[in-house]
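Q: Place chain B on chain A using the hints.
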Amino acid sequence: MTDQAHLERGYRRLLAWYPRAFRDEHGPEILAVLMACVPDGQRRPGLAESADLIRSGLWMRLRPSVPRSARTVRAAVQFICAGAAVSTVSLIIVLAVIVDIRVRHAVLGHRLIAAQVSQVNTSVIMQVIVSCLVPVAVWLWMARANGRGRNWARILFTVLFGLTTLTLAGVIPPPVINIASSAVASNSIVPPSVITISVGPMVSMMPFIPGLGPVVPVLTGLVVPALAWLAGAAAMCLLWLPASNAFFRSQGSLQARRRAQRAELERIR
Amino acid sequence: MRAMQEATFLILTALASGAQHGYGIITDVQEISGGRVRLRPGTLYTALDRLRADELIVPDREEVVDGRLRRYYRLTPAGTTLLAAEAARLQAHAAAALRRLDLAGGTAT
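Protein sequences, first through last, are from chains A and B.
Just so it is clear: in the first sequence, position 141 is 141 by my numbering, and no numbers are missing.
Just so it is clear: in the second sequence, position 28 is 28 by my numbering, and no numbers are missing.
Chain A extracted, bound-state conformation (with noise of 0.2 Å):
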């Protein structure tokens, strides 16, 4: 193999990195850059070269793709990440919380033998856990897609949050994790702990621990979702404005040709 082939096989393996829509559209040209910009005798990617492709190809698959003109989005999209904030927060008080338990478990020299102190926890560590994540994960989601003019995304973004409005307003029923640890309970040393988890998709409703004061409750319970519902209400209205209809119409339009391209070139091979 000569060095210039050898060269080009590891630019096109970099060029990996990068979204297939944008290698299809600019592959070729940007490998010409490459091999142009090259000393003559080299024979593989440099460092430097290789972390840049790297580093541009995985920012052109993570970043919202919302041209300035479509301000609306743009908005939109910021007031989701907002929203995707206000959750990490949540999960970060949370955090705090689950470990406070454990100090106060210690401090206060329940009688309760090491193993079950760490197995209630742990069984309520993970499920908070998880039921904090996965509105920060719906949150980050919705952005992107959204971001991406995917139709889907904005329906799929107003059903949610309509469902989460509903569930605030008690029409409906949250989605309850009841953990009564029993370990704890059979000891009567603490009331059993409700933990009371909404693993609605974009609010969630903290543990109501005994004894932990009303700041947390607060906090989690009102305040994290009034803003979480706030920067959703934000989102979904700019989202459905007739400005943003523009900007959803021509990426689904983009998208479609893009698909038509793909299946025209398979064609031919």
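Source of the hints: derived by calculation from the structure; they are not laboratory data.
One should not assume that every hint holds.
[To be verified] Just so you have them, the derived chain B footprint on chain A, three or more residues with Cβ under 8 Å:
| hint | region |
| --- | --- |
| 1 | 30 to 39 |
| 2 | 67 to 81 |
| 3 | 232 to 239 |
Built from N, CA and C at the ideal position, the CB exists for glycine as well.
A: Okay, now just chain B, sitting in the frame of chain A:
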């Protein structure tokens, strides 16, 4: 208006006098910046993609040279306007800096 990043400013400047292809932009930017800014291809195409999404540049034409594809880009009217505004802003800042240095008896000539 937010200040434009230097790389963006230089890319738009490279396209100001006519359409250029990727490698042409890289060498041109290097020349304009006196050899200080060397764009890497990954960075260049990330910037071009964003400029295209913002409708400041558009693909112009394609050529195949030595079996390799060259795609040319050119400024849109919006791109021209934005570059002109940014250049005027930078010039105003530079002029203000030089004026004040002069007043202070600085070494600016």
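Q: Decide, hint by hint, whether the structure agrees.
A: Evaluated hints:
no. : hint       : result
1   : 30 to 39   : holds (count 8)
2   : 67 to 81   : holds (count 3)
3   : 232 to 239 : violated (count 0)
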